[in-house]
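Q: Based on these hints, arrange chain B on the given structure of chain A.
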Amino acid sequence: MSIIYVLIPIAMIFVAIAVAVFFWAVKSEQFDDLDRQGSSILFEDDESESANTKADKSNDRL
Amino acid sequence: MSQDKQCYHCGESVPASVDLTTEINNQPQPMCCIGCQAVSQAIMDAGLKNYYKFRTEPGTKQSELVPDELNSFSAYDLDEVQQEFVHSDDTDIQTVSLSIDGITCAACAWLIEHKLKPLRGLQKAMVNSTTQRALISWDKNQLKLSDILQQISAIGYVAAPYQVDEQEAKAKRSSKQFLLRLGLAGFSTMQVMMFALALYTGYFTDLDTEFRDYFRWVSMIFAAPVALYSAQPFYFSAVRSLLSGRINMDVPVSIAIGGAFIASCFATYHGVGEVYFESVSMFTFFLLLGRYFEQKAKQKASVSSSNLHKLIPLTATLINDKEHIEVAAKQLKVDDVILVKPGEVVAADGIIVEGVSSFNESMLTGEHLPLTKGCEQQVFAGTINVEQPVQVKVNAIGSEQFVSEIIRLQEFASNNRPAIALIVDKLSRYFSAAVLTLSLITYLVWHFFISPEDAFWVTLSVLVATCPCALALATPTAVTCATAMFTKLGIITRKSGVFETLPKIKHVVFDKTGTLTYGRLQIHSVMIHDNSVSKESVLNHIAALEQGSEHPIAKAFRDHLELKRFPVTDVEHHVGKGISGFINGNHYFVGKAVSANGKASTQQMISLLRDDDLIAEVTLSDEIREDAQSSIKQLKQHKLYLSIASGDQSGHVHAVASSLGINDVRAGLTPSDKLSFVKDLQSANEKVAMFGDGINDAPVLSGADLSIAMGSGTAIAKNSADLILLGDKLSRFVDAIDVASKTTRLIKQNLMWALGYNLIVLPLAMSGNIAPYVAAIGMSASSLIVVSNSLRLLKDAK
Chain A
0 MSIIYVLIPI AMIFVAIAVA VFFWAVKSEQ FDDLDRQGSS ILFEDDESES
50 ANTKADKSND RL
Chain B
0 MSQDKQCYHC GESVPASVDL TTEINNQPQP MCCIGCQAVS QAIMDAGLKN
50 YYKFRTEPGT KQSELVPDEL NSFSAYDLDE VQQEFVHSDD TDIQTVSLSI
100 DGITCAACAW LIEHKLKPLR GLQKAMVNST TQRALISWDK NQLKLSDILQ
150 QISAIGYVAA PYQVDEQEAK AKRSSKQFLL RLGLAGFSTM QVMMFALALY
200 TGYFTDLDTE FRDYFRWVSM IFAAPVALYS AQPFYFSAVR SLLSGRINMD
250 VPVSIAIGGA FIASCFATYH GVGEVYFESV SMFTFFLLLG RYFEQKAKQK
300 ASVSSSNLHK LIPLTATLIN DKEHIEVAAK QLKVDDVILV KPGEVVAADG
350 IIVEGVSSFN ESMLTGEHLP LTKGCEQQVF AGTINVEQPV QVKVNAIGSE
400 QFVSEIIRLQ EFASNNRPAI ALIVDKLSRY FSAAVLTLSL ITYLVWHFFI
450 SPEDAFWVTL SVLVATCPCA LALATPTAVT CATAMFTKLG IITRKSGVFE
500 TLPKIKHVVF DKTGTLTYGR LQIHSVMIHD NSVSKESVLN HIAALEQGSE
550 HPIAKAFRDH LELKRFPVTD VEHHVGKGIS GFINGNHYFV GKAVSANGKA
600 STQQMISLLR DDDLIAEVTL SDEIREDAQS SIKQLKQHKL YLSIASGDQS
650 GHVHAVASSL GINDVRAGLT PSDKLSFVKD LQSANEKVAM FGDGINDAPV
700 LSGADLSIAM GSGTAIAKNS ADLILLGDKL SRFVDAIDVA SKTTRLIKQN
750 LMWALGYNLI VLPLAMSGNI APYVAAIGMS ASSLIVVSNS LRLLKDAK
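Sequence order for the protein chains is A and B. Under numbering that gives the first Met the number 0, think of the first position of the first sequence as 0, with each following residue one higher. Under numbering that gives the first Met the number 0, think of the first position of the second sequence as 0, with each following residue one higher.
Extracted from the complex, chain B is given alone in its bound form:
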């Protein structure tokens, strides 16, 4: 491997044996593989060189062989397949949503749009680089969907149609509406504040009643849309909570907004009393702002964990009286026999009736080594067939399938997590009830004992002054800022409770594969038993034999591929054993064979045989993450107790643990063992964080107090985790702990301040000693202090 040359397209280092270039802007640029070269050539041929000029991230590596299924896009032209996700209006225009893998920055979106533009019959192509999705409409008489997909794949992206699920569509609609409400409140607040300033200054100098009333009317016109439209979510939430017999923060918020607005309108109309239009607008604006960011963060996290149902392919090859027909996967019935070719994704759960092959189940289990399966064995939808074609008899479809079951379990688990004690929630409930009771008491006391005509105004000033906005803003603003910080650090938060849990974590449990290690094999050592060969030629031989294989072992040798000197013929795949073939007249076999010393290896070991003589053995190991060492050290400095709980039975777990300095190692655990391990720790009153990936970790991930998945982990793991580390940097977790402890501290400060302010102002307001404008200023000031205190979190950004 040479460090000096980097692929111009994907940024990875170019293997020494590869000499490929593409002419970009009149200059030959190095390419690391045929895939990258083809893609960059296609981009240049289409006249889209701006992509390279403006992109901010390198492209994705193209060398991974595209499964056959993705190359034959014709399946997507089938009507049965299309009816699921293509929408057509009365004319011949059809619309589809595509989810596109490989988009790294805005330039990619531009590239795809412009690649598609010249197509005849294309109506609209809109690519969203944040959600990695595209909306495309075309004229079905002039263009086929498969052509569009082909064009996208030519420039190196993998596009697949998907159905926008109802929940997502709803979330998108509501987030748009939220933005409208927020924007409107913002515009109005600016205007109303301007007039409020005029009115307040008029307090100290003297303002003609004529102008005062005019300003009030204008303020009312501006504040009306805010109170009537923007604040609607609070009203609905308040009504909902009242109907369910509880009181939440939105109840006093709604009463304050509604009450203050109505009273101000009344005052404006009659020309008496006080107006609170600016308070109403600003209060609504700030609250909406907090909630908008909260919602946005949640939505982003759910989009980035991708559509799980995408795991199952849309089409399947049905075997019908010795005839192969392509059908929509949805149409399969139990007892149908389908053909699964190598590289294809299994379309339905079933039992193998013919053939033997290896199946990559990493999307379900997180284990990267394929499992060999033969007749009578169960295969699952969503797993990839690695080696040989097999025939599968379907035994579960639709929601009965394992993947669907898992998705359901995940959703159930994420909705039913043990509620992390949200102090604020409880606090606000008592607070709201208290404010309402006290206002009522104030009203009654003033009405019957002091002066009935002042009763309404005093009650209102109680509501305004004690308006729980500082309290309501205390947590959301801090959480919003912390979420923003997390995003900056490359961490996605999926639950707001993590900020409370993180600083309390005492014990961190790692699942080895994919978290501490990369989950990909690399060559560890080569043992040579025949002195006539060199290490390099052994690796070249193996690489040549393994070149056509998609097995993870084969990938470890890709860098040593030198086809010119090692042409292979008569390649034969022995499922679960290895590969054999002829190189320069000799018969070679690579794979599992008897070890030289007859001992069982603790690591992955494969042997190379020439004419049945053992000539070399290669040990492979899972590479430890670059930053694992330093992160572990940092975690130890934080006085965290670390352990590894792995399902792996080999000695590799111990090897990884000892090289990282983790003493507590448990290998060969079943998922339920892992869960009971975590439960044991928790019963000793320790908060446990769990790093994991894959389905096998699902129970333990939901059982732990906090679960973390790596960005490269399986979609299912990401969907069940509380935190996702993008960019796979373990060290980010340490930063996350720091940010979270700062966040909890700020929330506490905010709450203390808000409560303290309210406790002081309440008796004053109840006794009628607070002038209305002082009440409004105090309320605004207390919220501003809370907001700016929370903003301190962002200041420390590196």
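Isolated chain A (complex conformation):
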């Protein structure tokens, strides 16, 4: 039973990390436009295979 004295603090650290990630996500405005973020994965994926010529310009930006 005394293992919980170790495990619970570890769980707490995980929760703290999750909260930190959530705060970062909110602060970087990821929740501002849910439509857009939801479909952005489609666009980025396809672009890398079709438009490699522009990759040099876009890889350092959002």
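Calculated directly from the structure, the hints in this document are not laboratory data. C-beta: ideal position from N, C-alpha, C; glycine also. Careful: at least some of the hints might be erroneous.
Cross-link-like lysine-lysine pairs, in silico, BS3-like; alpha carbons within 25 Å at most [stated by the list, open to error]:
id: 1; chain 1: B; residue 1: Lys591; chain 2: B; residue 2: Lys534
id: 2; chain 1: B; residue 1: Lys139; chain 2: B; residue 2: Lys4
id: 3; chain 1: B; residue 1: Lys123; chain 2: A; residue 2: Lys26
id: 4; chain 1: B; residue 1: Lys591; chain 2: B; residue 2: Lys505
id: 5; chain 1: A; residue 1: Lys26; chain 2: B; residue 2: Lys169
id: 6; chain 1: B; residue 1: Lys116; chain 2: A; residue 2: Lys26
id: 7; chain 1: A; residue 1: Lys26; chain 2: B; residue 2: Lys175
id: 8; chain 1: B; residue 1: Lys638; chain 2: B; residue 2: Lys686
id: 9; chain 1: A; residue 1: Lys26; chain 2: B; residue 2: Lys171
Derived coverage of chain A by chain B (criterion: at least 3 residues anywhere in the stretch with Cβ under 8 Å from a Cβ of chain B; other residues may be distant) [as the list claims (entries may be wrong)]:
id: 10; region: 12–18
id: 11; region: 21–30
Short, incomplete list of chain B residues facing chain A, as computed with Cβ under 10 Å [unchecked claim]:
id: 12; residue: Asn127
id: 13; residue: Ala168
id: 14; residue: Lys171
id: 15; residue: Leu178
id: 16; residue: Leu179
id: 17; residue: Leu183
id: 18; residue: Gly185
id: 19; residue: Ser187
id: 20; residue: Gln190
id: 21; residue: Phe194
id: 22; residue: Phe210
id: 23; residue: Tyr213
id: 24; residue: Phe214
id: 25; residue: Val217
A: Only chain B this time, still in chain A's reference frame:
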């Protein structure tokens, strides 16, 4: 018009005479106009074909001629213009917020970002498809703002810089903070509930005190941020209401959260009594959730009704000693003379000193036909000059302008609406006061008469058990679900009171133009007086003559444009009368002329003259909305009394009314007539809903019990309405009534349940007969029942 071909870009049907294509993904696709073709070509040239692959909505039609002013973006590079909305930091990086018209889905946002990316000197481009806004920063040494705007316009969007007003920035900040508080409360609640389960099970088996205390400490660590950070809005609101000498729901909420948390900390520290950490967390989380959705809905509505100040252009052409200089509109002074070119928006209120032209005042009045104005007549900022260049002497600037006045009136009206009796508000005030008094009595009675050491715990269990959370959640959860349903139906709610008012509506009053009709002209009938011409050639001739005009009449003929066979030369615009020109050697005139039978027409009628001989007359009418007929029928089935109150004096109102089956028609009403009409109805104790658009309807919209604007209506009308019907579907209003009556029913059920529960539990708690954990479970259960009852609203979603 052919139905078989649709424009690949905008989805509208392609006129038979048009043969334009763009090669998209190695396949030629039909285009309806040169605008769409140019835009789709620009998109393909930039290698952005993914736009067509992933978009979920068609693009916007491009054929509308872009006013000159929008094409000359160079004005935006002027320092005076820029200083208003461009922010630059110490380096050469400048940042601007743009509002972009024409964004229909996420693909548009992607398209704009990627179109801008290759520009040299661009630092950041972020487009938000929900708010239709973009945040762009660039290096001013390498790039000009006008270039950025040009790029955006090349792919078919209209971008204009705007200044984020303070209120909006504040709303955005607070909504972000709300989300942080909510998320934190959510995470913590999950953890605390887990430990609470362990603690409760320990109640029935036996849990070592050592572990019990350990779990309690851990729960406390998780609950602390919730009670200290997430619940802050309740504390502030409670303090505010106490300072203003009133008691609102947040007072007992704050006392319960604060009291339960402090008492639980005390219990944890001393290892005695009970802990309520899970109640504190969950309660806070649920309440925040309700308020977050409420706030989000409100914010969305205010963004979508757009920035009204955008109506006024940023630059104006100042006439100074015969020299024309472009200046920032803000710098204009009274008595300056400005030049307003055709297609331009008037930058300031003023009096015409030279020239005659027509002005489209639809953004102010909702009437779609331009008014002819000449010397000595007043023009207003925000209206569009349709035909000829005019010189205007400024006589009002800034907040003195008509538009600003209107905006102020709207804001005033929306803040000062007769308060719709919010029963819950009143109820909660009495309830809160009652709970506080009873807790105090309980404490005093237990302290002096029963047992002083139990007094605090019994009082706390009174507060926890009767915690008004079910009551507090009863309305917001139902309203939130109803708002979500409305959004799904394409209706934006701007005031939460509508759910109460809607089911009580007895009488619906329509303003004709733009609500029952589209507010755009179409060809109704053609009367031919010269047998040598055909109907089609008459329409082709008129279309050719009208091609360069921005007048709504001209737009009705766009589909008949066939330039190859009807080349026009020497076109002359006769302001307020019509257009003349030569086609194949004959002199033609189209416009207002004497009617063949000399009678005044009840509808819009224009004549075509060849060498001064009348050859044909075309009657135009305002097209009735597609779903108007069926919606009117449905409304009648709901036993609603319908009438039309229109400012239009022509017989067209009666024609529309009789074809729709509305018997009560009042035409030619002034705005104050409309208002007194509505007031008359209200004095007979009837709740009146008013459909309207435009400034002329503003008084009646604020006077009615409920006001509704169409999504395509003017920005000002949308800003003053309680409901906005997106997609312009009248039938949605019928659905809205159904949803609203269901909502009121659910709110009543919720309130009955919450009150009933509290009334039963209160005496038990006061007498000390409620075990603390039962109090906590009862409280949670009562809120869960309320929440799930409200969620039933969403289940019926089609």
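Q: CA of B/Lys591 to CA of B/Lys534, is that 25 Å or under?
A: Satisfied, since the Cα-Cα distance of roughly 19 Å is no more than 25 Å.
Q: May I ask you to test the interface hint for B/Phe214 with respect to chain A, counting a Cβ-Cβ separation under 10 Å as satisfied?
A: 9 Å, holds
Q: Are A/Lys26 and B/Lys171 close enough, with their CA atoms no more than 25 Å apart?
A: 12 Å, holds
Q: Hinted pair, alpha-carbon criterion (25 Å max): B/Lys591, B/Lys505. Please report holds or violated.
A: 43 Å, violated
Q: The hint names B/Leu183 as touching chain A; please verify it with the least Cβ-Cβ distance against 10 Å.
A: For B/Leu183, the interface hint holds, since the closest Cβ of chain A sits about 6 Å away, which is under 10 Å.
Q: Closer than 10 Å between Cβ atoms is the bar; does B/Leu178 clear it against chain A? Give me holds or violated.
A: 5 Å, holds
Q: Tell me if B/Gly185 is really an interface residue toward chain A, meaning its C-beta lies closer than 10 Å to one of theirs.
A: OK, holds: B/Gly185 within 10 Å of chain A, min 9 Å.
Q: If you draw a straight line from the CA of B/Lys638 to the CA of B/Lys686, is it 25 Å or shorter?
A: Roughly 13 Å between the alpha carbons, so the hint for B/Lys638 and B/Lys686 holds.
Q: Closer than 10 Å between Cβ atoms is the bar; does B/Phe194 clear it against chain A? Give me holds or violated.
A: Status holds, d = 9 Å.
Q: Verify the interface restraint on B/Asn127: the C-beta must sit less than 10 Å from at least one C-beta of chain A.
A: 4 Å, holds
Q: Should the interface hint for B/Ala168 be scored as holding, given a Cβ-Cβ cut-off of 10 Å against chain A?
A: 13 Å, violated
Q: Within a Cα-Cα threshold of 25 Å, do B/Lys139 and B/Lys4 meet the stated pairing?
A: 45 Å, violated
The earlier numbered hints that this structure contradicts are 2, 4 and 13.
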